[in-house]
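Using the sequences and the accompanying hints, generate a full structural model.
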Amino acid sequence: MSAETNMENRLRELGRAIGGDDSLSGSVMARIHAEPAPLAAHSAASRIQLRRWVANRVVRFAAAAAVLVAIGTLASILGRSGSRVYAVEQTVKALCGVRYMHTVQRDQAGNLKDERWIEIDSNGYQARYRQDTPSDSFFVVDNRKTVMVHYASPDRNTVVLYDPNQQGYTWYYNPGKLFRELAEGGSHYYTVEENVQYKGRPAHHLRWVVGNMDVYIDPSTKLPLAFGDYEISYGEPPEGTFDIIVPEGVIRVDKRPGGEPAAEPQWMIDARKQEELNSIAAGHISDARRALAAGDYAKAIELFTKGLEIRSKSNWAWLWLGKALYGAGDYDQAIYRLSTAIDMITEFGAYHLARGFAYQAKGMTDMARLDMEKALPEMIRGLRSTEAAYPFDLADDPLIRADGLRGSEGHLPPGRERSLALMINRLRLVTGRNFGYDPNGSAEENERAISAWEQWFKNGGRVHYTPDARLVPVPAPSPAEQLSPAIDELPWTGTGEQALAMFKKAREITLSDVDAWFKLGLTLYDGRFYPESLEAFRQAHMQSEDDSLDAFGALVWQGHIMDLLGRRNDALLFYRRALDTDAGGQMLHDQYGLTVDRAWVEKRLEMPFVRVP
Amino acid sequence: MQSDLELVKDTLAGREQAFELLVRRYERAVCATALNVVKDRHLVHDIAQESFLRAYRRLGSLRKPAAFGAWLLRITHRCALDAVMRRPKERPLDVGVGEHLESRDGQLGEDKQRLLAAVMQLPAGERQVVMLRYFGDHTVREVARIAGRSMGTVTKQLSRAHRRLRCILEEP
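First to last, the sequence lines map onto chains A and B.
Using our numbering, read the first sequence as starting at 1 and increasing by one per residue.
Using our numbering, read the second sequence as starting at 1001 and increasing by one per residue.
Treat the hints with care, as some may be off.
[Stated by the list, open to error] Simulated crosslink set (DSS-like; lysine-lysine; CA at most 27 Å straight-line):
1) K93(A) <-> K603(A)
2) K313(A) <-> K299(A)
3) K1009(B) <-> K504(A)
4) K306(A) <-> K273(A)
5) K313(A) <-> K1156(B)
6) K505(A) <-> K1156(B)
7) K362(A) <-> K306(A)
8) K222(A) <-> K93(A)
9) K145(A) <-> K255(A)
Bear in mind the hints are in silico, worked out from the structure with no lab data behind them.
In structure tokens, the structure reads:
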């Protein structure tokens, strides 16, 4: 079962476990019937009152939205404690003055589990970092120079030196960001209990509800004393804490540019080989998808087989291998491979349908009917649900972009009308029924046709394979569906002329596809069309989710382009926004050997981006 | 299916049945939000009732009626916290996972409680679509309609939510 499906099933189970409460709406409505409140009449008055209160009490926050939530926070704290001893904003302010943080984590017996030192620069970001995890590993990170990783376990015993652009480490918890978010998010994210004891010291206890963590605050400095089981102090570290010194008797591997060549230990070679093999497998499967889409079954079979020899857990690759074998007329092998896919994911109707066709071709009509019956409910659901139709569309078109298969390659799934026509045709083949659906017909007529399919199924409609069923014409792909694959096929480097033409087209149709905009941004950068590249990254950012890697990358690249355009101040603004957005991921640009992550951006605050040669 | 925006407007126009639809739409999400805080299903019904009532009373102050779902869940969270604060001291807030949630009495087990806590850590937009989709058993089309977003956005949010959940749960 794929991780995606597994998660869906778990969420559904959780939903069922939480269960509904049939009496809830009844009891709520019974109380509401007794409510005299004319709802709308209250709104204006309460807003005016709140605004006045905001203006009087808190004026130091600039953003109105922040003011409103901050007021909520303070009011809630004051209301509960009856005093003004502690408010989260005090910690936000106190953390602004912190230069060093020292965190210690111990096991139940009091032994050191983990120790870290963090130096914070004037911009509020990590400048240097050191982490000791006894018996496991040891890191020293100097974002301006070198990253040293010491794999300390006896079977590894290796020190690796990296350039900070290749490898970066930060403390998972970011107290500054957390407290800022708590202050902005309001009191429903935390509770405060004042004047308690923490390991014999006076403290305020802040319970970060969403993060399921207890934080203790020093009442005098307002700084956190502990985050969960991490104890924190803020003194200057001992001299040499951040020095990068390779101990005696370890294997030293220098991976920095120009580093002294050294033989890697076997464990590193093995790990790298496995990574390379995975990459090769992904490449085979990717090429096989293209071959299958082009109808080159022999090539697809060869490449899927090669890929699966390395990565045998790809259920979609098994499915497509089965379909390629079916296309090549080898029905026995097709059934065998499709069964492997079904064993991995039993509930995909699309898989059963594919095997049903293979059984049918083999003349095993009973088996075919059984599989098609299994597919039928999902097919009927797919008439209304894009999500239900998606596996069928992906099974039939291996070039549709699919999360988890390989990066962002491929094109957009079919639009709703196309997907619906495709599903109607599958249903006509499998059932022989025709309920009058017409892609060019009116919405009312087609709604009647869909309802008729649903009613037919509800009344016990069954499979009747009809190879000569009359099929409906499938609408042509929309301009966006056509443009996305074309952008996907663009070479990453080159003059950018092709990218420029597609960029203009994408703007004309206001393309909604983050990956396509991102690729346009990069290819336009490569062709030195900077203003257009900037616009492409702006679109990518606008269309990406907050705090996503896409958003982070799009901001960083806007900063890069601003640097190239000589607008350093604007570039800095983008880099800072990117750091605030950073969700902790890395964006790899193999074509330039470039890794864009937090460390990279921090470096850009000091040095402008210059073109990668 | 009416969107949240339409149902809020209808409620404000005096049609109580519209609010009943909102209650039915969000009851599981509200129960889940409350359960994640109080870890005690016996308290959930009361908190859910209180949350809907507070929402009803304050509906006129909702600045963005289309954001009803996220707003309601924030109210629920506060109601649940209030309930925790009212608890006797011997029942602390940070009750350990599983202590009161043994599956033998039909309540959530440890895995489900962990998953629920992870759902609660999702960004508000993703959390809402996950709850509507999986707890409320709505189709993607319905979720899009309810939340006033495009189906593409909802599909993407669900996909990102899955990735984020796996990340929070530290699963591959």
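Taking the hints in turn, this is what the structure says about them:
Distance restraint check for K93(A) and K603(A): the Cα-Cα separation of roughly 25 Å lies within the 27 Å cut-off, and the hinted pair is therefore satisfied. For a cut-off of 27 Å, the pair hint linking K313(A) to K299(A) stands: about 21 Å separates their Cα positions. Distance check on the hinted pair: K1009(B) and K504(A) sit about 41 Å apart at the alpha-carbon level, beyond 27 Å; violated. Our distance criterion of 27 Å between C-alpha atoms is met by K306(A) and K273(A), whose separation comes to about 16 Å.
With a C-alpha separation of about 24 Å, the suggested pairing of K313(A) with K1156(B) holds against the 27 Å cut-off. The straight-line distance between the Cα atoms of K505(A) and K1156(B) is roughly 24 Å, inside the 27 Å bound, and the hint therefore holds. Distance restraint check for K362(A) and K306(A): the Cα-Cα separation of roughly 26 Å lies within the 27 Å cut-off, and the hinted pair is therefore satisfied. Simply put, K222(A) and K93(A) have alpha-carbon atoms about 9 Å apart, close enough for the 27 Å limit, and the pair holds.
Distance check on the hinted pair: K145(A) and K255(A) sit about 13 Å apart at the alpha-carbon level, within 27 Å; holds.
Hint 3 from the list above is the single one not met by this structure.
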